[in-house]
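Trainee: Chains as they are written, first to last, in the numbering used here: chain A, 173 to 369; chain B, 958 to 1423.
What the hints contain is simulated information worked out from the structure, not anything from laboratory work.
Treat the hints with care, as some may be off.
Stated by the list, open to error - Per label pair, the in silico range of CB-to-CB distance:
no. : chain 1 : residue 1 : chain 2 : residue 2 : range
1   : A       : Gly-226   : B       : Lys-1295  : 46 to 56 Å
2   : A       : Lys-345   : B       : Gly-1133  : 21 to 31 Å
3   : B       : Gly-1270  : A       : Leu-355   : 42 to 52 Å
4   : B       : His-1344  : A       : Val-369   : 31 to 41 Å
5   : B       : Gly-1270  : A       : Thr-322   : 23 to 33 Å
6   : A       : Thr-322   : B       : Glu-1049  : 27 to 37 Å
7   : B       : Thr-1167  : A       : Asp-352   : 43 to 53 Å
8   : B       : Asn-1134  : A       : Asp-359   : 52 to 62 Å
9   : B       : Pro-977   : A       : Leu-355   : 15 to 25 Å
10  : A       : Asp-223   : B       : Lys-960   : 35 to 45 Å
11  : A       : Leu-355   : B       : Glu-1049  : 39 to 49 Å
12  : B       : Lys-1122  : A       : Glu-342   : 16 to 26 Å
Quick caveat, the model's predicted, so the values are computed rather than measured.
For each residue, glycine too, the CB sits at the ideal point set by N, CA and C.
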Amino acid sequence: MAYDKFNILKSTVVPLSSENVDTDQIIPARFLKATEREGFGDNLFRDWRYDVEGNPKKDFVLNDPTYSGKILLAGKNFGSGSSREHAVWALYDYGFRCVVSSFFADIFKNNCLNIGVLPVTISPEFAEVLFKAVEENPKTEVEIDIDQQTITLLSTGQQESFDINSYKKENMKNGFDDIDYLLNIKDEIITFTEQKV
Amino acid sequence: MEKKTLFDKIWDAHVVRSVPGGPDVFFIDKHFIHEVTSPVAFLNLEKRGVGVLYPERTIATPDHNVPTVDQDKTIKDKLSRMQVERLRENCEKHNIELHDLGSAHHGIVHVIGPELGVTQPGMTIVCGDSHTSTHGAFGAIAFGIGTSEVEMVFATQCIMQTKAKKMRITVDGELGNGVTSKDIILYIIAKISAAGATGYFVEYAGSAITSLSMEARMTICNMSIEMGARGGLIAPDETTFNYLKGKQYAPKGEDWDKAVAHWKTLKTDDGAVFDKEYHFDGNDIEPMITYGTNPGMGIKVRGFIPTTEGMEGSNKSSYLKSLDYMGFAPGEAIKGKKVDFVFVGSCTNGRIEDIRSVAAFVKGKHKADNITAWIVPGSREVEKMAHEEGLVKILEDAGFELRQPGCSACLAMNDDKIPSGKYAVSTSNRNFEGRQGPGARTLLASPLTVAAVAVTGEISDPRDVF
């Protein structure tokens, strides 16, 4: 599915410093029973966000009105475990357009790029700077410029560049997806298959 | 001539084209689907007005959310029923082979693929499930994908992939008594951590690996994802060929000879270079168990939960949060901890050899009173063999409850949930918070260790019990 175009994102940040956050935490398996891609944001981080009776847990960051924004600042090894794309659907549906971490799990990162949520990998040092800045001032803003491949802490101007391959970059900027590309070369794929068999 | 790894050989043979500055257009030989990660892909396909390009290359089965009792009746849970019905409709509409509930080859997708002989050396195999890495045991490139990619495979039989880096993990030496392939993989993950192989595709080699059966090899490749690897594979050999020979979808007659001749070329060239290599000594491996909330948090059953020495910052707080969830303290022995449930099953350890090993160990014994023991075969075929071999009788006499095939309590999408706060020692693959039910506490171990726990009612080393 085509998604929103991504160019420059300037936003406050929601910090979640836990390490090794797996996709079962992002969206527990029991909420994967839909046959359509709707409403997954309601169950984002379900068991960290709500107690068994469904009351919001006060100490969880998404329930803290101090923090909001389109950028999730996450701990190391974010998105490990299950390949469920529903985890990214939940993040997107909740309103996140970018996840920043010093380390992402592979499949999760791929799924993000396919959905239009930008995964930005930064150094552990810069991650620490950002966590600290957000802790000190929850209204602090971060700017992500996909064309320049930079992430900037606006209050201090501290900046780092991040990697993204040029193909995925164009896709993100234009809201294209891989299927558009693949369908365009279908004849080449059919020829390949016939030669292979 | 260029020296290639096994991974290179298979990968390079499946690249349709390489996008400059981007990924490869990667051709997929076999595609497995199930009820949970396919419906939105089918829906989007229809929105685009595109059909399934090669339906004969996709095989379907409902496994993730299905009940493990009364499978002949209508599924009670409305949402689960709708997903299974949607899978049936989509397979019918797009002419895709479906192994439905109750049919002879229904089961967990990663159990039935090998069982049917669909999985073969040299293939590229994907499924919207991270444990697709299981099929790597046959010398195939197999890995999990997201739903967008499931749609790509339907539409074009290709996905866009950047080639992973290459890692080789060599385990030499002989395994001791009571040590299984599950212990090998839990040991490796504990050594290199739950993120230690992220960005890599792993080849497993060495005498401790090549001496394993196909089923034991599948357990190892299955858990490659638990150290972050995209997948894991093992070069095919006589053990592989013997397993496949005569299977329903395996080549026959002259085609078989041709296939085997080709499969014999599928190995890493001497002198081929890996981006990273690890060597482990099989003699050092003992029965393993996890104590935390990711599969890298594993120790010897006779070992102690690590202290926080040397940890700081978010590393330490994440560690303590994990132990708090489990109700354990740093420095404690794990042996002797009380357990409430045991679960034998899943795509990791739900095959006939696993059930045989549990049955052999509990024969003539009985589970402890404080234990609820579930045993869930990986497929109908496994269930049938377990009956025919008299294993079901042994297990039921020992107080185990045999259920019908499916993913079951591994991810608790159906009613097979471990209650909040209870301890389950499981043969499955993930000990994440809430994985086996909200608040459930999971410890991963081999079928033998699980059998020992079932009988004693507490964490036990199988070598002490039998």
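Trainee: If any of the earlier hints don't hold here, list their numbers in rising order.
Mentor: Violated hints (numbers, rising): 1, 2, 6, 10 and 11; every other hint is consistent with the structure.
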